[in-house]
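Undergrad: Work out the full structure, taking the sequences as your base and the hints as a guide.
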Amino acid sequence: MADIVDIAVSAGAFSTLVTAVQAAELVETLKSPGPFTVFAPNDEAFAKLPPGTIQTLVQNIPQLTRILKFHVVSGRFTQADLAKLETVTSVEGSPIPINCSNGFEVKNATVVAADIAADNGIIHVIDTVILMG
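In the numbering used here, the protein residues as written are 87 to 219.
Derived by calculation from the structure, the hints in this document are not laboratory data.
Computed list of lysine-lysine pairs in DSS-like fashion (alpha-carbon distance at most 27 Å, straight line):
(1) K117 with K193
(2) K193 with K155
(3) K155 with K117
(4) K134 with K155
(5) K170 with K155
(6) K134 with K193
(7) K193 with K170
Since the model is a prediction, treat every value here as computed from it, not as a measurement.
TA: Shown next, in the form of structure tokens:
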């Protein structure tokens with residue numbers, strides 16, 4: 087198996103996320119033993135952001151880092167684990183609401199692929215970039 091970053095790179099649907107993680111210097115963190123649960127926005131999720139948002143974030147590394155950390159939770163949580171919870175706390179420190187009553191949603195995003203196992207955690211692919219606030 088591979089770590090979270092290697093899986094994201096090899097999947098081919100996360101080039102924007104991988105670029106953002108590199109810009110925020112979070113590659114080493116996401117390659118560390120963890121474990122982490124990552125709500126990974128795919129490229130289509132990033133494409134939904136208003137034009138210029140990604141460029142603005144890449145120029146504002148502290149804000150980019152906070153947003154990326156909002157997509158990561160310490161620990162390994164499968165969809166079944168998350169279904170028992172109302173919220174989880176991101177490594178950024180904010181709560182992320184979980185809703186499994188009708189599908190699988192985290193905050194304002196729908197999970198389109200769940201429980202992708204990595205050596206150092208688990209990935210849930212989401213269709214929307216989740217923003218804090």
